[in-house]
Amino acid sequence: MRAPRSLRALTAIVVAALLATTVGTGAAIFTATHRTIVRLVDERIAAAAGAVAGEAGPRPTPVLPTPVLLRRLAALTRDRDTGDIGALLTDARGVAIGGNVTLRRRLPPGYASLRAGDGIKGLSAGRAYTRSVGDGRMLTMIAETEPFDDYGAARLRIYLIGFGSILLVVAIGLTGFSRLIARRIGAMRATAAAIVEGDLQRRVPTEGDGGPFDAQAEAFNAMLDRIAELMRGIAGVSSDIAHDLRSPLARLRGQLVQLERRAETPALREGLAAAIAQNDDILAMFAAILRIAEVEGGARRAGFADIDLSALAGEVSGMMAPVVEDGGRTLAVAALPPLPVRGDPQLLTQTLINLIGNATRHTPAGTRIVLAGGRRGTSGVLTLSDDGPGIADEDRALALRRFGRLDRSRSTAGHGLGLPLAAAIARLHGGALWLEDAAPGLRVVIEVPLA
Amino acid sequence: MKILLVDDDPVFAAALVEELTGFGHALAVAEDGRAGLAAIDQDAYDAVVLDRMMPRVDGIALLERLRGDARSIPVIMLSARGQSDDKIAGLAAGADDYVVKPVEAAELHARLQAVLRGRQWTQGSSDTLRAGDIVVSPSRFRAWRDDQPLDLAKLELKLLAELVRGAGTVLTRAMLIERVWGYDFEPDTNLVDVYIRRLRQKLTAAGGDDPIRTMRGVGYMLRG
Numbered sequence: 001m002r003a004p005r006s007l008r009a010l011t012a013i014v015v016a017a018l019l020a021t022t023v024g025t026g027a028a029i030f031t032a033t034h035r036t037i038v039r040l041v042d043e044r045i046a047a048a049a050g051a052v053a054g055e056a057g058p059r060p061t062p063v064l065p066t067p068v069l070l071r072r073l074a075a076l077t078r079d080r081d082t083g084d085i086g087a088l089l090t091d092a093r094g095v096a097i098g099g100n101v102t103l104r105r106r107l108p109p110g111y112a113s114l115r116a117g118d119g120i121k122g123l124s125a126g127r128a129y130t131r132s133v134g135d136g137r138m139l140t141m142i143a144e145t146e147p148f149d150d151y152g153a154a155r156l157r158i159y160l161i162g163f164g165s166i167l168l169v170v171a172i173g174l175t176g177f178s179r180l181i182a183r184r185i186g187a188m189r190a191t192a193a194a195i196v197e198g199d200l201q202r203r204v205p206t207e208g209d210g211g212p213f214d215a216q217a218e219a220f221n222a223m224l225d226r227i228a229e230l231m232r233g234i235a236g237v238s239s240d241i242a243h244d245l246r247s248p249l250a251r252l253r254g255q256l257v258q259l260e261r262r263a264e265t266p267a268l269r270e271g272l273a274a275a276i277a278q279n280d281d282i283l284a285m286f287a288a289i290l291r292i293a294e295v296e297g298g299a300r301r302a303g304f305a306d307i308d309l310s311a312l313a314g315e316v317s318g319m320m321a322p323v324v325e326d327g328g329r330t331l332a333v334a335a336l337p338p339l340p341v342r343g344d345p346q347l348l349t350q351t352l353i354n355l356i357g358n359a360t361r362h363t364p365a366g367t368r369i370v371l372a373g374g375r376r377g378t379s380g381v382l383t384l385s386d387d388g389p390g391i392a393d394e395d396r397a398l399a400l401r402r403f404g405r406l407d408r409s410r411s412t413a414g415h416g417l418g419l420p421l422a423a424a425i426a427r428l429h430g431g432a433l434w435l436e437d438a439a440p441g442l443r444v445v446i447e448v449p450l451a
Numbered sequence: 001m002k003i004l005l006v007d008d009d010p011v012f013a014a015a016l017v018e019e020l021t022g023f024g025h026a027l028a029v030a031e032d033g034r035a036g037l038a039a040i041d042q043d044a045y046d047a048v049v050l051d052r053m054m055p056r057v058d059g060i061a062l063l064e065r066l067r068g069d070a071r072s073i074p075v076i077m078l079s080a081r082g083q084s085d086d087k088i089a090g091l092a093a094g095a096d097d098y099v100v101k102p103v104e105a106a107e108l109h110a111r112l113q114a115v116l117r118g119r120q121w122t123q124g125s126s127d128t129l130r131a132g133d134i135v136v137s138p139s140r141f142r143a144w145r146d147d148q149p150l151d152l153a154k155l156e157l158k159l160l161a162e163l164v165r166g167a168g169t170v171l172t173r174a175m176l177i178e179r180v181w182g183y184d185f186e187p188d189t190n191l192v193d194v195y196i197r198r199l200r201q202k203l204t205a206a207g208g209d210d211p212i213r214t215m216r217g218v219g220y221m222l223r224g
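Sequences listed follow chains D and W, in order.
Residue numbers 1 to 451, in UniProt numbering, belong to the letters of the first sequence in order.
Residue numbers 1 to 224, in UniProt numbering, belong to the letters of the second sequence in order.
Hints are computed from structural coordinates only; laboratory data are not their basis.
Be aware that a few hints might be false.
Covered by chain D, per the in silico footprint, the following chain W stretches (three or more residues, Cβ under 8 angstroms) [said to hold, decoys possible]: (1) 6–19; (2) 101–110; (3) 189–195; (4) 210–219.
Chain D is nowhere near these chain W residues, computed Cβ spacing over 12 angstroms in every case [stated by the list, open to error]: (5) Met1; (6) Gly24; (7) Asp41; (8) Ala44; (9) Pro55; (10) Arg67; (11) Asp69; (12) Ile73; (13) Val115; (14) Leu116; (15) Ala131; (16) Asp133; (17) Ser137; (18) Trp144; (19) Asp146; (20) Pro149.
DEER-style ranges, computed between Cβ atoms [claimed, not checked]: (21) Leu450/D to Met1/W: 47 to 55 angstroms; (22) Ala273/D to Ala80/W: 26 to 34 angstroms; (23) Ile241/D to Thr204/W: 40 to 48 angstroms; (24) Arg342/D to Arg142/W: 35 to 43 angstroms; (25) Arg34/W to Arg427/D: 40 to 48 angstroms; (26) Met1/W to Asp244/D: 28 to 36 angstroms; (27) Arg56/W to Arg427/D: 34 to 42 angstroms; (28) Ile282/D to Ala80/W: 16 to 24 angstroms; (29) Val237/D to Gly22/W: 31 to 39 angstroms.
A quick note: this is a predicted structure, and the numbers were derived from the prediction, not measured.
Beta carbons: idealized from backbone N, C-alpha and C, even for Gly.
In isolation and in its complexed conformation, chain D is listed as follows:
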C-alpha cells in the first residue's frame, strides 16, 4: 500500500479507521453480550423445563400426567428464584391446558426468540424453550433476555453516546490540529506571497513556544534574511558600478564638449557630437539603473500623494505632443475619466514620458499614438497604443526585462531600461505594467489601484 501523500488523505484515513474500529468494537461488545445473555437464559429455561417435566433427551422419561405437571408449574411460578419464568402447557391440538402465559403463535420444539409482537404482556424480548412432555403435549418455558423493557434500545443509546463522544473528541482534536497547522502554514504562505509582491521586509511570525513550527519559521526567516542580504549586495553592486562610472564619464563628456568647441572641421565636430551623444546614452542608462534602485528600494512610497492619474496623463500628453509631432508621429488622447490614485507624480510623469518617448522612437514616421484611461475593477488603467509594427508575442516579456533590448531596436537610441523602469514604478504603486497586441501595433497597459 502506498503511503498517503497529503495531510488531508492521512486525516481521512485515520478518521475512517477510527470510525470503523469504534463501530466494530461497539457492535462486537453488543453482540457478545447479547449471545452470552441468550445462552444463560436458554440454560435457565431448559433447566426449568427439566425441573417440571424431567430430563429431555433420547432416554424416555416417565410420562407425567397433566395434573402433576400443572402442580409443578404452579410451584415453579410461586418459587422466588423462578417466579419470572413464564410457562405454557398445550395439548396435542395446541390448545392451552395450563401455565401463566398465552402465545399468539405456535412455537416449534427447541429454542426460539420472542419479541414484543408475540403479545406476551410485559415482554419486549425473550427466549422460549419448547419440548414435548409426552402424549402430544408440549411445554414452553419463557424468560426475558432483558433486565428491563427496551433494554436493547437503551444499550444502543449508551453505546452511541459513549463511542460517539470518543469520536467527537477525536474529531474536535483533529479539526483543531489541522486548523493549527493550516494557520501556521498560512502565515508562512502569506509571508512568501508578500515577498513575491515585493514586500521584502516581511517575515513569518513566531509564537515564542519553541515548537517545531517556530523552528520552521525561524529557518524560513533566516533564509529570507540571507536572500535580502544577497539582493542588497547585488543591488548595491550595480548601483555602485553605475555611480562610480558616472564620474569619469562626466569628466569625459566635459573634455569632449571642450574638444567639440575647438574642432576645426565639420567632420571632426560631427564625430565628437556623436561621441557626446553616446556618452549621454551611457549616463542616461546609469541614471535609469540608479532610478530603478531608488524605486525598488520603496522609500518613495513615503511621498505618495492623492493624485488624478488622468489629469496627470492629460498634462504629460499635452506636454509631449510637440515632441511626438516633431518626430513626425501624432499623439491623440481618447477618454480620460477621473482616476484618483495614491502615487508619486514625478515617477508617474517619468513613466508616461518614457513610454511616449519609446512609442515615438521605435515606430516609423506617421505612426498614430493614442493615450486612453479607464477603470478595470478597482484599478485605474492607462493605455498607450500605437499602430506601428508592435512587438512579437514571444518578445514582449523580453522587452520588459532589464537590458532586454530587442534586436530591432538596438540600432535606435536609448538604453533598454525605459520599460523596466516603468514596470518598477507601476509595481511601487501596487500595480502592474504589461504589453499587449494592439493589432496592429503595441499597447502598453499601466494598472494602478484606485485610491
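With chain D held as given, fit chain W onto it using these hints.
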C-alpha cells in the same frame, strides 16, 4: 568668481578645481566641514560648493550653521546620490541649488552663474523680466518682443522667463528641466530642444534675429 569648494574627496576636488579654473574661477579647497567654516570666517567668497557627506561637520550641518548666523553666501550643495529626499533636505537647510555628483564643470559653472544672478533678481522686486528687446511678465502670463505681444503656450512662457532671468549665462538642459518642468529626473527625450525650437520660431516669427544661442553639448543662452 571666488569660490570655496568644501569636499573630502581630494581626487574629485583636484579635478573640479582644475576644470572650474578653466572657466575663469578662483578656487580654494577645504577638506571638511570644520575647515570650511574656518575658511568662510577668514575670507570672503562669492559662493560655496559644498559636499553633503563629509566627516566631522557635514554639509547640512555647516549650511545650517551658516544660515543660523544669517550669512547669505550662495551655496550649491553636492551629493553623491541623487535621491529626492536628500535634495529636499539640502534645499530645506538653505542651499541655493543642489547638484548630484558627478557634475560636469560646465554644469556647475552654469549653476554658479545662475545662483548669483538669482540673488540679483530677488533683490529687485519687479515682476517684469527684461533681456534686450524681450520682456516677460510671468504673473500676467504675457511676453513681448520688440513691443509686439508673443503668443506663447504656458510652458513656452515659463521657458522664456527662465531664459530671460538667466540672460547672458548658460542654462543647461538639467537646469531647464528642473526649473521650467519641475522634474526631478532627466527625461530621455529631446524635450528641451523641441521646446527651444518652438520658442525660437515664435520669437523670430515677426522678423528679428534668433536671440537664443545653442551651447553645444551644454545648453542654451539668451543674449544678455
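Status of the hints after comparison with the structure:
1. Proximity of the segment 6–19 of chain W to chain D, defined as three or more residues with a beta carbon under 8 angstroms from a beta carbon of that chain, is established by the 3 residues found.
2. Coverage of the segment 101–110 of chain W by chain D holds. Counting CB-CB distances below 8 angstroms, 6 residues qualify, and the rule asks for three or more.
3. With a threshold of 8 angstroms between beta carbons, the proposed coverage of the segment 189–195 of chain W by chain D holds, since 5 of its residues qualify and at least three are required.
4. By the rule of at least three residues with a Cβ nearer than 8 angstroms to a Cβ of chain D, the coverage given for the segment 210–219 of chain W holds, with 3 such residues.
5. For Met1/W, the condition that its CB be more than 12 angstroms from all CB atoms of chain D holds, with the nearest at approximately 18 angstroms.
6. Non-interface status of Gly24/W relative to chain D is upheld: no Cβ of that chain comes within 12 angstroms, the nearest being about 14 angstroms off.
7. At the 12 angstroms boundary, the C-beta of Asp41/W stays outside the reach of chain D, the nearest C-beta of that chain being 31 angstroms off.
8. Residue-level check passed: Ala44/W sits 29 angstroms from the nearest beta carbon of chain D, beyond 12 angstroms.
9. The non-interface label for Pro55/W is consistent with chain D: the shortest C-beta to C-beta separation is roughly 20 angstroms, beyond 12 angstroms.
10. Against the 12 angstroms criterion, Arg67/W stays outside the reach of chain D, whose nearest CB is about 24 angstroms from its own CB.
11. Chain D leaves Asp69/W outside its interface by the beta-carbon criterion, the shortest separation being 31 angstroms against a cut-off of 12 angstroms.
12. With a least CB separation of 26 angstroms from chain D, Ile73/W remains clear of the 12 angstroms interface cut-off, as annotated.
13. Chain D leaves Val115/W outside its interface by the beta-carbon criterion, the shortest separation being 20 angstroms against a cut-off of 12 angstroms.
14. Under the 12 angstroms C-beta cut-off, the non-interface status given to Leu116/W relative to chain D holds; the minimum distance is some 21 angstroms.
15. With a minimum CB-CB distance of about 24 angstroms to chain D, Ala131/W clears the 12 angstroms threshold, and the non-interface call stands.
16. Listed as outside the interface, Asp133/W is consistent with that label: its C-beta sits roughly 25 angstroms from the nearest C-beta of chain D, beyond the 12 angstroms cut-off.
17. Its beta-carbon lying about 22 angstroms from the closest one in chain D, Ser137/W satisfies the requirement of being farther than 12 angstroms from that chain.
18. A cut-off of 12 angstroms between C-beta atoms confirms that Trp144/W is not in contact with chain D; the least separation is 22 angstroms.
19. Non-interface status of Asp146/W relative to chain D is upheld: no Cβ of that chain comes within 12 angstroms, the nearest being about 25 angstroms off.
20. The beta carbon of Pro149/W sits about 21 angstroms from the closest Cβ of chain D, which is more than 12 angstroms, so the claim that it is off the interface holds.
21. Between Leu450/D and Met1/W the beta carbons are some 52 angstroms apart, a value that agrees with the proposed interval 47 to 55 angstroms.
22. Checking the proposed 26 to 34 angstroms range against Ala273/D and Ala80/W shows it holds: the Cβ atoms sit about 30 angstroms from each other.
23. Look at Ile241/D against Thr204/W: about 46 angstroms separates their beta carbons, and that is inside 40 to 48 angstroms.
24. Distance hint for Arg342/D and Arg142/W: a CB-CB separation of about 37 angstroms, consistent with the stated range 35 to 43 angstroms.
25. Checked against the hint of 40 to 48 angstroms, the C-beta distance between Arg34/W and Arg427/D comes to roughly 44 angstroms, which is consistent with it.
26. With their beta carbons about 30 angstroms apart, Met1/W and Asp244/D fall inside the hinted range of 28 to 36 angstroms.
27. Between Arg56/W and Arg427/D, the C-beta spacing of about 40 angstroms keeps the proposed range 34 to 42 angstroms intact.
28. Look at Ile282/D against Ala80/W: about 19 angstroms separates their beta carbons, and that is inside 16 to 24 angstroms.
29. Taken as a hint, the range 31 to 39 angstroms holds for the pair Val237/D and Gly22/W, whose Cβ atoms sit roughly 34 angstroms apart.
When each numbered hint is compared with the structure, no violation occurs for any of them.
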